[in-house]
Amino acid sequence: MSFTRFVAVAKKEVVQILRDSRSLIIVLIMPVVLVLLFGYGVNLDLKGLPVYVYDRDGSQQSQDLLKRFQASVYFNIVRVVNDYPALARALDDGDAKMGIVVPWDFSERLRDGRPAQIQALVDGTDDNTASVAIGYAQAVVQGYSSDIQRDWLRSRGQLAQFAPVSVETRTWYNEDLESSAFIIPGVLALVMSVIGAFLTSLTIAREWERGTMEQLISTPVTPLEVMLGKLVPYFTIGMFDVIVCALIAIYWFRVPFRGSFLTLVISSAMFMVVVLSLGFFVSVIAKSQLAASQIALLVAFLPAFLLSGFLYAIEQMPIVLQWITRILPARYYVSVLKKIFLKGTPTALLYADLVPLAVFTLVLALLATRAFHKRLA
Amino acid sequence: MLARLKQMLIKEFIQVFRDKRTRFVLFGPPIIQMVIFGYAATFEIHHVPTVVLDLDHSQESRELISRFTSSPYFDVQRQLTDFRQIGDLIDRGKATVGLEINAGFAQNLRKGQTAPLQVIVDATNSNTALIASGYITQIALGFAQDYQKDRIYRISPQMVEKIPSVQLEPRPLYNPDLRSRWFFVPGIIGSLTLVLVVNLTAFAVVREREIGTLEQIMVTPIRPAEFILGKTLPFFLIGLFDVSLIATVGTLWFQVPFRGQILVLFAGAILFLLCMLGVGLLISTVSSTQQQAMVTAFFFIMPAITFSGFGFPISTMPQWLQYLTYLSPLRYFLIVLRGTYLKGVGMEILWPQMLAMAALGISLLTIAVLRFHKALD
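First to last, the protein sequences are chains A and B.
Throughout the first sequence, residue numbering follows the working numbering, covering 1 to 377 in sequence.
Throughout the second sequence, residue numbering follows the working numbering, covering 1 to 377 in sequence.
Be aware that a few hints might be false.
In the DSBU-like style, the derived pairs of lysine-lysine whose C-alpha atoms are separated by at most 30 angstroms in a straight line are [stated by the list, open to error]: (1) K20/B / K374/A; (2) K162/B / K67/A; (3) K20/B / K287/A; (4) K374/B / K94/B; (5) K149/B / K67/A; (6) K6/B / K287/A; (7) K11/A / K374/A; (8) K47/A / K287/A; (9) K11/A / K287/A; (10) K287/A / K11/B; (11) K287/A / K12/A.
Simulated from the structure, these hints should not be mistaken for laboratory data.
Extracted from the complex, chain B is given alone in its bound form (with noise of 0.2 angstroms):
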C-alpha cells in the first residue's frame, strides 16, 4: 500500500512540477495577486478632491472652510463663484465633495439661529460618499462647538467653565490607525488558497479522466483510496506550501502585525485545506471536462468568496443569506486568520471555528470519497 501510494505521489509531483508554465501558476499568481490586492484594496478615504463656494464671505465662513482644508481628508480645490460651477465639477467627476456656505450664515450664527451649511457628494461610490458625510459633519459640529464656546467666554469667562460637553472618545482595537490593508492582507491568504487549492484538485483529477489516463491507472493495482490520496496529498503540500508563502510576503511586505501564535494558524490552515481538497475532489467527480470543472469551480469560488466576510461584513446582508454564510469553509478560516494576526487570540476563542472546518472537511471529503468510487465503477 505504502510502495503504491509512493509511487503515485512521485508520479504526482513530477507531472506537476515538469512544465515551467505550471511551476508559475502555482505560486507566481498568489504573489503576484496578494501584492496588487494589499495596494489596491481599500475603503479608507484620504483626500476627497473638493469644492467651495462661499457666498458668505464672513469671518465665520472662512474659520468653516479652512478646518476643511486642514483635514487630511478632504483636498479643497477650489473656491468657487457659482453654484453652477459646484454641479458642473460634480457631474465631470472633478470633485467629488461640494461644500456651500450662503449668504446669511454667520449672521444666523450671530443670533443664535441654526445656521446650515450645504453639502453635495457624488454618491457613485455610496461607500466613499457614507464616509465622507461622517466626516463632513464632525467638522461642522466642531466648529459650531468651539464658536459657541468663543462667544460665550466673550460675555463671561467664568460660564464657558462651567457648560458641560459630552465627547466620543473612539479607541479602535486591533487595528488602531484602521488600515484596510491590516484587513485584507489576512483574507487574501485565505481567498487565494482557496481559489489555488480547489482549482489543482479538480484540474488534476478531471485532466486524467479527459486524457483518459484515468482507466490506465485504475486497470493497475492502485487501489480508489490510493489514488485519491495520491492525488490530493500533493496538493495538501503545495497548498501548506502557499499560505507559507502567501503570509510571509504579506506579512513582511505590508507589514501586517502578528500577534498570535503560528500552530494555531497552522492547524486552521490544515483544516481548511481539507475543506478544499474535498471541494475540490467533489468537483471533479461531477465534472468530465476541464473547463465544465473550471465553471463549476467558479460557481463555488465567487459565493464561497463573497458570503465569507471577506470584503464585505455579513451582519450587513439579509438574515437568508447570513445563514448561508456559514457553509462557506472560508468564514470560520477568516476569523482564525484575523484572530490570529490581529486580535492575538487563541484556541480558546478560535475552537469553535476550527470545530466547524473539521465537520465541513470531513463531511466533504466523505461525501467526495464515496462519489469518487461511484464515478469509478
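Chain A with its partners taken away, still in its complex shape (with noise of 0.2 angstroms):
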C-alpha cells in the first residue's frame, strides 16, 4: 500500500468526476431535489378533501351536521346532489373523495329518540387517505351527536346523567404531526444509497466494460490502492451531500433537530462505507453498467426505500419481512437518524442501532475487498 499510489488513483477519478460536469452538477443537486421533493410531495394528513353531499332530508339538523363538516379543515364539501348516480359517478371519476348521505328519515329519527345514522360513502382506493379521513368524520359525526344528547339531557333536567370523556392527546418527538419532520431523516440514507451504490457501481462497471480496469491494474498500482483511490473521492461527495440534506431539513423544513450532530457525521459515515462496498459487490457482480444500474437498485435503493422505515413501519410487515429487515444496515441507519432528528437519543442510548451498524461496515468492507481482488487475481 503506498500513499503516493493511492493518491495517484483518487487524483484520476477526480479529474474523471470533475471533466463529466453534468454528472459533478447533478451528483451535487440530487441530494438537495430529493429532500425538496419529500419535504413538499409527501403529506400523508388530510386537508381539503372534496366531499359530495346528497341530503334527502332536507331538514335544519341534517344542515347542522353538515354545516360542521364544513366548518371542518379536513373536508371541503364541493357539491350537494340529489340522486345517489351523481353521487356514484363523481366517486368514480375521482372528482370527490367522500359522499355523505343523509337519509330521509334523519330528523324524524332524531325527534322519535331513535338512532339516526348518516352513511359515509368513501373512495377506498387510497386505504391511508380513507382511513384518516373517516377517523375525521367519526369526530365531527360523535360531536355532534354528543352535543343533542347534551341539549335533550338539559331540557330534561338530567344533565348529571351526560357522561363526557375527553381524550387529551400529546404527541410527542413530532408535536403538529409533520409529514416531514418523519420522512425528511429517512431521505439521508437515499441519497447515500444513490450516490454510494449507484455511482460506484457504474463507474466501476464501465472501467470493466471499456476495459481499462485491467489497463490500471496493469500499472504498479495494488488492488487496494485501486479501491481505496475510488472509494474516497465517493465518500467525500457522500458526506458532503449528506451534510447538506440535514441542513435543509434543519433549516429549511424546520424539521427538529435534537440529537448531537457528530453522532450523526459518524453513524452517516459508517452507512457511506456499507453503500460504497455494495457497490463495489454489484460492479463485480455485473458486468456491464445497464446490469449494474438495476442491480445496485435493488440490493442498495430499493431496501433503503422499502424495507429501513423511512416510510412504512416496520411493525406492521409481515413477520419474515421483519426478520429480513434485521440483516439490512439501511434499517438501522434510518432508525439512528429518526432517534437523533425527532427523538434527541443520547448517543450512548443507541448502541442497539449503532452496534450492527458497525459490524455490517466492517463485513461488508472486508468483503467487499475480497471480491474485488478475486475479480482481479
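Join the two chains, each given in its own frame, into one complex according to the hints.
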C-alpha cells in the first residue's frame, strides 16, 4: 500500500468526475432535489378532502350536521347532489373522495329518539387517506351526537347523566404531526444509497466495460489502492451531500434536530462505507453498466426505500419481512437518523442501532475488498 | 425500409437477450420488487404497542381499558404503575401509545363532568400517530356513549329509548377492507414499468454512442427514423410484456381484484409506454455516457413517481406542486390502473387520462426524434 499511488488513483478519479461537469452538478444537486421532493411532495395528513353531499332529509338538523363538516379543515364540501347516481359517478371519476348521505328520516328519527345514521361512502382506493378521513368524519359526527344529547338531557333536567370523556392527546417528538419531520430524516439514507451504490457501481462497471480496469491493474498499483482511490472521492461527495441534506432539513423544513451532530456524521460515515462496499460488490457481479444500475437498485436503493422504516412502519410488515430487515444496514441507519433528529436520544443509548451498523460496515468492507481482489486475480 | 428495419430489430433482440445478466435484469428485478413492495408497503395499522397507566382503579377505568385490549388496532402490552415508565418505554421505542387514566376519572363521570383520558403518542411516524389517535378517540367516545346509556337506563328505562343519537356508517367503496396492498399493487405495475423502460431505452442508445457503434450504424444505409424505430420497438414490446408479467404476478399473488376490462388497461399501458419511450430517447439525446444517462434518468424518475399519486395523495401537496403533477405521465396511468383494477370503470370515465397520455406521448416522442436527428448531424 503506497500512499503516492493511492493519491494518484484518487486524483485520476477526481479528474474524471470533474471533467464530466453534468454528472458532478447532478451529484451535488440531487440530494437537494430529493429533500425538496419529499419535503413538499409527501403529506399523509388530510386537508380539504373533496366531499359530495346528498341530503335526502333537507332539515334544519341535517344542515347543522353538514355545516360541521364544512367548518372542518379536513373536509371541503364541493357539491350538493340530488341522487345516488350522481354521487356514484363523482366517486368513480375521482371528483369526490367522500360522499355523505343523510337519510330521509334523519330529523324524524332524532325527534323520536331513535338512533339516526348517516352514511359516508369513501373512496377506499387509497386506503390511508380513507382511514384518516373516516377517523375525522367519526369525530365530527360523534361531536354532533354528543351535543344533541347534552341539549336533550338538559331540557329534561338530567344533565348530570351526561357523561363526556375527553381525549387529551400529546404527541411526542413530532408535536404537530408533520409528515415532513417523519420523512425527511430518512431521505439522507436514500441519498447515500444513490450516491454510494449507484454511482460507484457504475463507474467501476464502466472501467470493466471499457477494459480500462485491466490497464489500471497492469500498472504498479495494487487492488487495494485502486479501491481506496475510487472510494475516497465518492465518500467525500457523499458526506458533503449528507451534511447539505441535514442543513436543508433543519433550516428550510424546520425538522427538529435534537441529538448530536457528531453522531450524525459518524453514523453517516459508517453507512457511506456500507453503500460504497455494496457498490463494489455490484460492480464485481455485473459486467455491464445497465446490469450494474439495475442490481444496485435492487440491493441498495430498494431496501433503503422500502424496508428501512423510512416510510413504511417495520412493525406493520409480515413477520418474515421483519426478520429480513434485521440484516439490512439501512434499517439501523434510518433508525439512528430518526432518533437523532426527532427524539434526541443520547448517543450512549443508540448502541442497539450503532453496534449492528458498525458490524455491517466492517464485514461488508472486508467482503468487498476480497471480492474485488478475486475478480482481479 | 421494412427489410432494414427487420435487420435492425434482429440485432437489437440479439443484443438484449445475449447476456444472461441483462436477461435477468429485464424480468428478475421487476418481479422481486413487486413481491417485496406488495408485502412491505403498508399504511395499515394493527397491533400498535400500547401501555396503560391506570391510577383510578375503578370499574369504569377497567372497562375503558378492556375496550383497548379487545381492539385489533392496539396491543396492550403492560399495565404500569408510574408515569415515568410511560415516558421511558416510549423513549426507547418499546411502546407507541401510552394511555393514562388519572385518579378521579370515575368520580368525574358519575358527577357528569368531563373525564379526561390522557394519551401520549410517539409521533416519529406521523402517519401511525394520526390514525392511531383517530381509533383512540373512537374507542373512548364509544365507551362514554355506552356508559351514559347505561346510567340513564338505571334511572329510567323508558328514557333511554328516547335519547337521540347519530352514528356514522362508513362504507369504503372499491376497497372495502381498506387494504394497502390493493392500493399499492396496481401502482407498482406503473412505477416499475416506468423505471425499466426509461432506463433501458436511455441506456441502449447511449451505449452505442459511448462505444462508438452509433457512427458505424449511421454509415450503413439505415436511416435515422429506422434506427429510432429499431431501438424503441424492442423496448416497447419488452415493456408490454413486463406490464403483463408484473400485473399477472401482482394480481394472482396478492389477490387484488381486477374489475375492469383488460383492453382498457392495455390501451393505457400502450399510451404510457409511448411516453416512457419518448422520455428514454430524450434522455439519450442529452447524455453522452451511460453514467450521465443514469443520473439524468434518475432525475426524471424520482419526481415522476413522487408526484404521480403513487404513494402520497396529490390533493395534500402545495397547489403549485399539484399543477406540476399534470406533467407526470404516471399520474394518468395510475388512474387508469386503479380505475380498471379497483373501480372497474371503463373508457367512459378514463378517456381524459388516455387523451392526456396520448398528448404527452406524442409531444415527447416528437421532441425526442427531432433532437435525435440534430444529435446525429
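Consistency of the hints with the structure:
For the proposed pair K20/B and K374/A, the alpha carbon gap of about 21 angstroms is at most 30 angstroms, so the pair holds. About 25 angstroms separates the Cα atoms of K162/B and K67/A, which keeps this hinted pair within 30 angstroms; it holds. The suggested pairing of K20/B with K287/A holds, with an alpha-carbon distance near 10 angstroms, which does not exceed 30 angstroms. With a C-alpha separation of about 61 angstroms, the suggested pair K374/B and K94/B falls outside the 30 angstroms cut-off, and the hint is violated.
Restraint check for K149/B and K67/A: satisfied, since their Cα atoms lie roughly 27 angstroms apart, inside the 30 angstroms limit. This hinted pair checks out: K6/B and K287/A have alpha carbons roughly 28 angstroms apart, not beyond 30 angstroms. Annotation: proposed proximity of K11/A to K374/A holds, straight-line Cα distance about 25 angstroms (limit 30 angstroms). About 49 angstroms separates the Cα atoms of K47/A and K287/A, which puts this hinted pair outside 30 angstroms; it is violated.
For the hint linking K11/A to K287/A, the alpha-carbon distance of about 25 angstroms falls within 30 angstroms, and the restraint holds. For a cut-off of 30 angstroms, the pair hint linking K287/A to K11/B stands: about 20 angstroms separates their Cα positions. Distance check on the hinted pair: K287/A and K12/A sit about 22 angstroms apart at the alpha-carbon level, within 30 angstroms; holds.
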